[in-house]
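**Q** Quick mapping for you: the protein sequence lines, in order, are chains P and S.
Taking the working numbering, the leading residue of the first sequence gets 1, the next gets one more, and so forth.
Taking the working numbering, the leading residue of the second sequence gets 1, the next gets one more, and so forth.
If you are wondering where the hints come from, they were derived from the structure by calculation, not from laboratory data.
Check the hints yourself; a few may be wrong.
Just some of the chain S residues that point at chain P, by a computed CB distance under 7 Å [to be verified]:
#1 Gln18
#2 Asp27
#3 Leu39
#4 Val42
All of these numbers come straight from a predicted model, not from anything done at the bench.
Backbone N, C-alpha and C define an ideal beta-carbon position, used for all residues, glycine too.
Listed below are the residues making up each chain.
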Amino acid sequence: MFLGTTSEGPVRGRRVVVTGVGVVACCGIGVDAFWDGLLGPAPEGEHRVAGFDATAWFGPKEARRVDRYTQFSVAAAHMARDDAGELTPDPDRAGVIFATGVGGLESLEEQSVVFQQKGPNRISPFLIPMMMPNAGAATVSMRAGWHGPCETITTACAAGTHAVGAAARLVAGGRCDVVVGGGSEAAMTPLGIAAFTNMTALSSEGVSRPFDARRDGFIVAEGAAALVLEDLDHARRRGARIYAEVVGAASTADAHHITAPAPGGSGAATCMELALADAELAPEAVGHINAHGTSTPLNDLAEAQAIAKVFGTPGPPVTSIKGVTGHALGGAGAIEAVSVVLSIDRELIPPTAGYGEPDPEIPLDVVHGGPRSWEPAPVLSNSFGFGGHNGCLVIAPVRD
Amino acid sequence: MTDATFDKFRACAVEVLQVPQDKVVPDARFGDDLDADSLDLVELVMALEEAFDITVEESELEGIETVGQAYDLISAKL
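Next up, chain S with everything else stripped away, as it sits in the complex:
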């Protein structure tokens, strides 16, 4: 996990989910800890696709519940 990549990831989450930066940590759960519902996650993925110039299929999002899981999904595409 490079700092620069995670910073960029975190900035997207802060912007879309309007949460404090220090809450966006690998163990944070989108639903319980970041108050994000399924449409919030769709918007977050769109922001990440834009920021990292990648494509994420809807099917790839199944089972993604934490910030760490989402970050791994994104960083594997870089």
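Chain P on its own, in the form it takes in the complex:
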């Protein structure tokens, strides 16, 4: 991962490793349940996080004062920090970069109804801190007591990936020794679902089928994930378990249309190339692609075209866990980054649930039918968001 270029050439950053992961997903809460979920069929019905109990992480009063997306953020970050073991960084050199697509939509929506029915004097004094999209990051930093940078990225469905990339670069640049990067979304409100439905983005069949010929839209989901990103030397000094290394990240804009991808996925292809350059890797070195793969006709085609442009066909094995998880919007990139880390750690590529009928326009090696064993190699993880935001990460097994 590079920090920039000076007159003497490109400047490499410190090495950044993943030492803890946490996840709250509709297919499982906690790393093991999540992983088992990824290897199984898609959950039936709505992709909500069933059985999430906020009081495991919040006192009863505090639980009423934070939106569900912040509850997810804190839960995922706590699990990641616990997973990282004895983690006592210099608090001034520890930070939080957390993503969300929309923040506290549920709180805003409920209070809008209160406003209509009871008037302005009945609006909760906590509405602003509940709805603001930085509440997740802020609450995570308060819990950890970390005073380094604490910021929120809101680039729609690319936000989780951008947050992990930005978090890694804070460590690579030497500003922080530890940063929690992640993303969270809980926007399955009546208003949110109606809005996605009316833009004809959701599957009318109610099935997520990334890259399949029959795909007809995405399945909206909720959830969150967090990764503890740490300077390699810092991690080794404390004897931490090291899952993987974040070796590259990139961000580009389509500058084309507020919802449709650029024709041929040109912005996405550039982003993938920049991420590989950041990682100093040739396309041939990539062993697996964790795709954005939302199951919408246009997105999957554009992404497939971009992958084909960069890697040729069929290219490395591709999977989209959205066949199982649905699309958790601003949380998705972080959830997928955790999936990549686990794919490396457990030497298995999870299958693309819902895939069965190849699309002749998508000549990729889509992993399906069951998990595929592999010898872990660098993985490219893609996320693309409404607004034309593209984000890519390259996460690799740690080599000396």
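Go by the hints and put chain S onto chain P.
**A** For chain S alone, kept in the frame of chain P given last:
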């Protein structure tokens, strides 16, 4: 202090502040004993306004530090 009115007052405090019922006693201080900050009190007053169908001006809340003081303020409006 009628029992029924205080019960209603106490139910609001329990709901908003998420404290055990037996801690909501006249001498209890909102800050020290019930862990309530200024925004908690705003929400509590809103709940009381709703429950008792009264209006409390912000200026009336100055100096209110205990459950008993708040109860007196509310009950004087009934």
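**Q** So, for every hint listed, does it hold in this structure?
**A** Hints, verified against the model:
no., hint, verdict
1, Gln18, "4 Å, holds"
2, Asp27, "21 Å, violated"
3, Leu39, "4 Å, holds"
4, Val42, "4 Å, holds"
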